[in-house]
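Enquirer: Dock chain S against the given chain C, drawing on the hints supplied.
One line per chain: the protein sequences are C and S, in this order.
Okay, so the first sequence: first residue is 5 according to our numbering, each after it adds one.
Okay, so the second sequence: first residue is 19 according to our numbering, each after it adds one.
Hints in this document: simulated from the structure, not taken from any laboratory.
Even for Gly, the Cβ is constructed at its ideal location relative to N, Cα and C.
Taking lysine to aspartate or glutamate and the DMTMM-like style, the derived pairs with C-alpha atoms no more than 25 Å apart in a straight line are:
| id | chain 1 | residue 1 | chain 2 | residue 2 |
| --- | --- | --- | --- | --- |
| 1 | S | K339 | S | D128 |
| 2 | S | K321 | C | E156 |
| 3 | S | K321 | C | D95 |
| 4 | C | K134 | C | D193 |
| 5 | S | K339 | C | D95 |
| 6 | S | K321 | C | E159 |
Here are a few chain S residues that face chain C, going by a calculated C-beta distance under 8 Å:
| id | residue |
| --- | --- |
| 7 | G87 |
| 8 | I90 |
| 9 | T95 |
| 10 | L96 |
| 11 | K99 |
| 12 | A100 |
| 13 | G111 |
| 14 | K205 |
| 15 | A318 |
| 16 | A322 |
| 17 | G326 |
| 18 | R330 |
| 19 | G332 |
| 20 | L333 |
Next come the chains, spelled out residue by residue.
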Amino acid sequence: MSDPLFEFCCRMGDNTLVLGHRVSEWCGVAPVLEEDIALANTALDLIGQTQLWLGLAGEVEGKGRDADKLAFHRDVWDFRNVLLAEQPNGDFGQTMMRQFLFDSWHLMYLKALMSSSHEQVAAIAEKSVKEVTYHLERSTDTVIGLGDGTTESHERMQKALDRLYPFVGEMFIDDEVDAAMVEAGIAPDPSSLRAEYDAHLDTVLAEATLTKPEDDFAHKGGKTGVRHTEHLGHMLTQMQWLQRAYPDATW
Amino acid sequence: MYAQMIKSTGQGVKSLDEMEPEERAFQERINAGGKIEPKDWMPDGYRKNLIRQIGQHAHSEIVGQLPEGNWITRAPTLERKAILLAKVQDEAGHGLYLYCAAETLGVTRDDLTRDLLSGKMKYSSIFNYPTLTWADMGAVGWLVDGAAIMNQVPLQRTSYGPYARAMVRICKEESFHQRQGYDIMMKMANGTEAQRRMAQDALNRFWYPSLMMFGPSDKDSVHSAQSMAWKIKMNTNDELRQKFVDQTVPQAEYLGLTVPDEHLKWNEETGHYDFSEPDWTEFFDVLKGNGPCNTERLEARNKAWDEGRWVREGLLAHAAKKRAAKMAAE
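Next up, chain C with everything else stripped away, as it sits in the complex:
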C-alpha cells in the first residue's frame, strides 16, 4: 500500500473530480435555466475541491505530481473514487438522486474532517462544508419535489433510487487506509457515520414518498481501485484526451 494519507487524499479528490465531471456533462441541457446554473455551480465547486485535495495528494506524495498530473495522467486502476460518483448521469432524476446520496455522505464526512489532526485536511474540509451544505440542501429539495411530484416523476425517482442504492454501501466500508487515518486522528471510520446517514435518508425518502430498497447489497471496488465500473474508462478518454494527445504542451 502506498502512503495512506496519499490514498486518502486521492479518494477525496477523485470523488469530487469524477462527480464534478459527470455534473459538468449537463452543461446547457438542463430541464430549466435555473437548473443549468445550479448544475454548473455544483460542478464548479467540486472541481475547485478537487484542486485542493489532489494538490495535497501531490504534496504528500512528494514526487512532483501536481493536481493536474494526478487528474489527467492516471489510468482507471489508479482512481480511488467510489463507484457511485462514476455512474452515468441517466435522466435528471438519476443525476439528482446520485447527487443526494453522495452529498448526504459527503457533508457528514467533511464535517467530521473539520476536526482532523491534519491542518490542511481540516482547512479543505472547512471550505468544502460551506459549498456542500448548499449541494445537499438543493439535492434534498429536488429529490423530495420530484419524488412527491407527479406519478411520472415519482416513478422515475424510485427507479433512480433502486438503480443507485447498491452503490451507497461502499461509502461506509472501512479498510486499512481508513484504519491508518483513524489511528493518525486524520479522519473517522466511514462505518461510524452509517447510522446517521441512514436516519437522514429515511427522513428524506419518507417526505419524498420513496421506498428504500430492502436489499443492502453493496457494490465495491472504487475507493480501493480494485474494480471500477466500465463507465470510468470512457469518462477518462474524454477528460484526459487533450493532456495525453499533447503531453509536451502547457495550457
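Expert: For chain S alone, coordinates are given in the frame of chain C:
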C-alpha cells in the same frame, strides 16, 4: 452583438411635431437621457422591438452555452475547466436576467422559449459555428465576447431601465470572459507548434463570423434609425464593427497571429484599419438555418426542453401540493 437584424416599426422615425402628446413626452424623455420603466407609457412599436431584441439576446446566451459546453468535459486542466464552468454559468445567469427584463414588457419566459424552440425567434448567428479545438475556447472569449462587449457597453445607457441595468452586470462579467479567452490564446500562441497551429486555425475560422455578429451595414435602415431614436440601439453596425477591428488587430499582432484578410491595412488618413467585409451570403444562409450547427443547436435545445418536461411538471405539482397543505393548515 447578440441581437441582429431586429425589425422595428418599419415606418421611419416620426418628428416630435408628428407625435401625439403622450408619445411626444415619451420621446422627449428619451432625448433628455431619461429612463423608461415598465409601468410607464410606451409606444407599441418600442415594446415589440425591445421584446424582440432582449429576447434574441437572452436566447443567444442560452444557445451560447452549447459551443462552450462542447469543451467543458475536455478542458485540459482543472483550472481551465473551473474557469469555463464559471463562464458558462455566467451565460446562463445573463439569460435569466434578460428573460426577466423581457418579462417586464408583458411576455413570459415560456412564450419566448417556445418561439426559440420553434425557430420563430433567432439567436446570434455566431453560435451556429462549431468549436473544433481547445483554441476555439480562446477565440470565442477573445473575439465573440469581445464583439459582444462592443455593443453591450453602450447598451448600459439604453433608454429602457431594466435592460440598461441588466447590461451593467452583464458587461462586468463579459469583460472577464474576454480576458480569459485572450489568456487561452496567449498560452496557445506561445505554446508548442501544434498549439500555435490551433490558435491560428481558430482565428481563421472565427474572424469573419465575428465581424458578422454586428449585422450587415444598417446606415440606410429604417429599423435601425427608429431603434437609435429610441436609444435601444446606440451605434450603427458599421461603427461598432470598425471599433472591433481597430481594437482586435493589434491584439492579434501581439499574439503573433495573422488576421485572415489580405486587404487589412492601417489607413493613416482615416485613423482606422481598412478591412474586407465578411461574406454576407454566408451570413444570410446561417440566419435561414443553413449554418454549420443550426440543426444541432436547435435539436439540443428542443431535446433538453422535451426531456425536462417531467421535471418541470413534477416540481410544479409538488409546489402545488405544498401550497394546498399549507392553506389547509391555516
